[in-house]
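S.K.: Protein sequences appear in the order of chains A and B.
Quick note on numbering: my numbering labels position 97 of the first sequence as 157, and the sequence is numbered without any gaps.
Quick note on numbering: my numbering labels position 54 of the second sequence as 114, and the sequence is numbered without any gaps.
Warning: the hint list may mix true and false statements.
List time: in silico DSSO-like cross-link candidates among lysine-lysine, alpha-carbon distance up to 27 Å [stated by the list, open to error]:
id, chain 1, residue 1, chain 2, residue 2
1, A, 63, B, 161
2, B, 170, A, 63
3, A, 170, B, 63
4, B, 63, A, 161
No lab work stands behind these hints, which were simulated from the structure alone.
As a plain string of letters, each chain reads:
Number of protein chains: 2
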Amino acid sequence: MFKEMFRRHAAGVAIITVNYNGHPFGFTATSVASLSAEPPRFTFNMARSSSSWPAVANSAYIGVHMLGLENRELADRFARTRNRFEGDHWAEGPHGVPILKDVAGWLVGKVQMRLSFENNAVVVVEVVDGEVGGNGSPLLYHSGAYSQPVPLDYEI
Amino acid sequence: MFKEMFRRHAAGVAIITVNYNGHPFGFTATSVASLSAEPPRFTFNMARSSSSWPAVANSAYIGVHMLGLENRELADRFARTRNRFEGDHWAEGPHGVPILKDVAGWLVGKVQMRLSFENNAVVVVEVVDGEVGGNGSPLLYHSGAYSQPVPLDYEI
Numbered sequence: 061m062f063k064e065m066f067r068r069h070a071a072g073v074a075i076i077t078v079n080y081n082g083h084p085f086g087f088t089a090t091s092v093a094s095l096s097a098e099p100p101r102f103t104f105n106m107a108r109s110s111s112s113w114p115a116v117a118n119s120a121y122i123g124v125h126m127l128g129l130e131n132r133e134l135a136d137r138f139a140r141t142r143n144r145f146e147g148d149h150w151a152e153g154p155h156g157v158p159i160l161k162d163v164a165g166w167l168v169g170k171v172q173m174r175l176s177f178e179n180n181a182v183v184v185v186e187v188v189d190g191e192v193g194g195n196g197s198p199l200l201y202h203s204g205a206y207s208q209p210v211p212l213d214y215e216i
Numbered sequence: 061m062f063k064e065m066f067r068r069h070a071a072g073v074a075i076i077t078v079n080y081n082g083h084p085f086g087f088t089a090t091s092v093a094s095l096s097a098e099p100p101r102f103t104f105n106m107a108r109s110s111s112s113w114p115a116v117a118n119s120a121y122i123g124v125h126m127l128g129l130e131n132r133e134l135a136d137r138f139a140r141t142r143n144r145f146e147g148d149h150w151a152e153g154p155h156g157v158p159i160l161k162d163v164a165g166w167l168v169g170k171v172q173m174r175l176s177f178e179n180n181a182v183v184v185v186e187v188v189d190g191e192v193g194g195n196g197s198p199l200l201y202h203s204g205a206y207s208q209p210v211p212l213d214y215e216i
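One chain only, chain A, in its complex shape (with noise of 0.2 Å):
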């Protein structure tokens, strides 16, 4: 039921990334959430069984970025296959964060907190740079597949 009843929830696709000991590490969340404006402060959750945990957990700085639809396939890379990093989609950005080129933006924090309940971890983090860019539509995951945002007055 619960399960069912966030399939039901749709969500914005972003993808976090960290260096961790010269490696860059990163992955599909779809739970990040802004927590303030002022001072700018998201959160996200993640599994501590994740590969990219140990980097997460041992780093001072982060990136978070918001992706569009034509990220669709940065999306997939970052969820499902090992080769994340292997090609020229990326670049070292401020404080040794991998930056992911042509997303819709992208911030870099500092971790203020990890909170681990038992497999899973809430991680706050506190922006200190970042950088907007193309605006397009965001993508969204919904029942198990991605879609985009329309206006309610839009018949479909």
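Starting from the structure of chain A, add chain B where the hints point.
M.R.: The following block gives chain B in isolation, referenced to the frame of chain A:
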């Protein structure tokens, strides 16, 4: 820049409710995210300046309602008005938590932790009950307006 980034980040719309000393409280939230499926836990973020914060801060149980397209007026009511519980659109549910009728689904859970960051807080909830509602399309909030998700291959 931070605000623009989160304007670009589409989110599902939910309503949080709580019973505090016999009085119903509630507000519209776009920060609800799954934390883990086993045990079923979710998180949400809120301002401590919210009129609902004293209720959230001092109650053991909390409800979350996933909204569908047909719940747009409910979303507005719990975001902008004061008479949120005048009417028969709700009833007391498990542990006294106010349950809104005709939503996409609701969950009631026990608060595991409230973590304050200056004027805002992260709340972690472990689900103890719930009910899935009608199978409609979820209500989204994006770029300052409500919207609906449609598949990527749908030409708009």
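S.K.: Now look at each hint and say whether the structure bears it out.
M.R.: Structure-based check of each hint:
The hinted pair formed by residue 63/A and residue 161/B meets the criterion: a straight-line CA distance of about 20 Å does not exceed 27 Å. The straight-line distance between the Cα atoms of residue 170/B and residue 63/A is roughly 18 Å, inside the 27 Å bound, and the hint therefore holds. For the hint linking residue 170/A to residue 63/B, the alpha-carbon distance of about 18 Å falls within 27 Å, and the restraint holds. With a C-alpha separation of about 20 Å, the suggested pairing of residue 63/B with residue 161/A holds against the 27 Å cut-off.
Hint compliance for this structure: every hint is met.
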